[in-house]
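A.B. asks: Sequence:
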Amino acid sequence: MPVRCRTILGILLLFVVGAHTLVDYDSDSGRRLILATFEADCSDLIFAGKCRVVIDVDDAYTLLGITFKAESDIESTTSTLLNQQTLTNFGTYGQVQTDFLTAFGRLWNNGLGAYMKQLWTEYCDLYISFSGYSMGACLAQMAAVRFQEEQWWPADQMFYFGYGAPRCGNEDFAYYVDTSLADKFNIVWFNDAIPNYPVSTCTFGSAAAMGQCTNSYFSCCTTIHYTSWSSVALNTYSTCTSNTCPVATGIASDHYTYFETTAADVDSLTCTDTKKFP
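Last residue of the sequence shown: 278 in the numbering used here, with the numbers rising by one and none dropped.
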């Protein structure tokens, strides 16, 4: 099938202070259309329920959003639970947590892979925003790497935002995440300690590199740490000096209250209504 791409003039990347997200790509209207939703039963995995990914697009058809839902029982996500996970090969792209690999494979084979291949043949000039909350952020990282393996959208058209992401894989995997994306941010909310787990024997303080720490967990991306926030006032956040933001004393509820979210909101963070391209 021949590739047919429409011309896009460009996209504006703005840092927004006082908004619910760090970056706003769509400067036209803020309205987004849900194109497709894919789900899989992940109740036997660390996700403890349905895994879900939603694909949407802004009404100007410039930016595709690919959003992965967090685990269902997010209040039960603890360092102990994460430390029990083991690493397994993610093809030739480093290693990831075993349950993450299984969950991603189920979503991919349940239609995500075929659908995104179809969109690539029609809309290869769109920008892609990967995002996810908690464990869903790890699935978003895996999707970005898989897109690069498939040679779909190039790295300079893809971005990632993870909220409360734990460590997803080893340093090789983190390296592939970093090199698969133009911009990549992990957001840490106040005293959320989950992003510092599973525990790791790696040395932090610099970007991921190939072949360095292959048997333990590493963090990808630029990490942004929020220390105060208001929907009507100036926010305070900082870029961590390394790719981790250690907290002195973790507060469990900070993991599921990002930007005034509650644990009960987790399923509603990704919608299930579907629409088709016009």
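Read the hints as simulated data drawn from the structure, not as lab findings.
Each residue gets a CB set at the ideal place from its N, CA and C atoms; glycine is no exception.
Accuracy of the hints is not assured; some may be wrong.
To be verified - In silico lysine to any residue, SDA-like type, Cα no more than 20 Å apart, as pairs:
{"id": "1", "residue 1": "K117", "residue 2": "Q151"}
{"id": "2", "residue 1": "K117", "residue 2": "T78"}
{"id": "3", "residue 1": "K117", "residue 2": "K50"}
{"id": "4", "residue 1": "K50", "residue 2": "S76"}
{"id": "5", "residue 1": "K117", "residue 2": "L81"}
{"id": "6", "residue 1": "K50", "residue 2": "Y93"}
{"id": "7", "residue 1": "K50", "residue 2": "D265"}
Stated by the list, open to error - Okay, the calculated beta carbon distance ranges per label pair:
{"id": "8", "residue 1": "S76", "residue 2": "E150", "range": "30 to 38 Å"}
{"id": "9", "residue 1": "S206", "residue 2": "S43", "range": "25 to 33 Å"}
{"id": "10", "residue 1": "T203", "residue 2": "T86", "range": "19 to 27 Å"}
{"id": "11", "residue 1": "N191", "residue 2": "Y61", "range": "36 to 44 Å"}
{"id": "12", "residue 1": "T78", "residue 2": "S228", "range": "21 to 29 Å"}
{"id": "13", "residue 1": "F259", "residue 2": "Y61", "range": "23 to 31 Å"}
{"id": "14", "residue 1": "I251", "residue 2": "N83", "range": "12 to 20 Å"}
{"id": "15", "residue 1": "T86", "residue 2": "Y61", "range": "20 to 28 Å"}
{"id": "16", "residue 1": "Y115", "residue 2": "E75", "range": "16 to 24 Å"}
A.B. asks: Are the hints correct? Go through all of them and say.
C.D. replies: Hint-by-hint comparison with the structure:
no.: 1; hint: K117 - Q151; verdict: 10 Å, holds
no.: 2; hint: K117 - T78; verdict: 36 Å, violated
no.: 3; hint: K117 - K50; verdict: 23 Å, violated
no.: 4; hint: K50 - S76; verdict: 15 Å, holds
no.: 5; hint: K117 - L81; verdict: 35 Å, violated
no.: 6; hint: K50 - Y93; verdict: 26 Å, violated
no.: 7; hint: K50 - D265; verdict: 15 Å, holds
no.: 8; hint: S76 - E150: 30 to 38 Å; verdict: 34 Å, holds
no.: 9; hint: S206 - S43: 25 to 33 Å; verdict: 39 Å, violated
no.: 10; hint: T203 - T86: 19 to 27 Å; verdict: 21 Å, holds
no.: 11; hint: N191 - Y61: 36 to 44 Å; verdict: 40 Å, holds
no.: 12; hint: T78 - S228: 21 to 29 Å; verdict: 25 Å, holds
no.: 13; hint: F259 - Y61: 23 to 31 Å; verdict: 27 Å, holds
no.: 14; hint: I251 - N83: 12 to 20 Å; verdict: 19 Å, holds
no.: 15; hint: T86 - Y61: 20 to 28 Å; verdict: 42 Å, violated
no.: 16; hint: Y115 - E75: 16 to 24 Å; verdict: 32 Å, violated
In the structure shown, a violation is registered for the earlier hints numbered 2, 3, 5, 6, 9, 15, 16, in ascending order.
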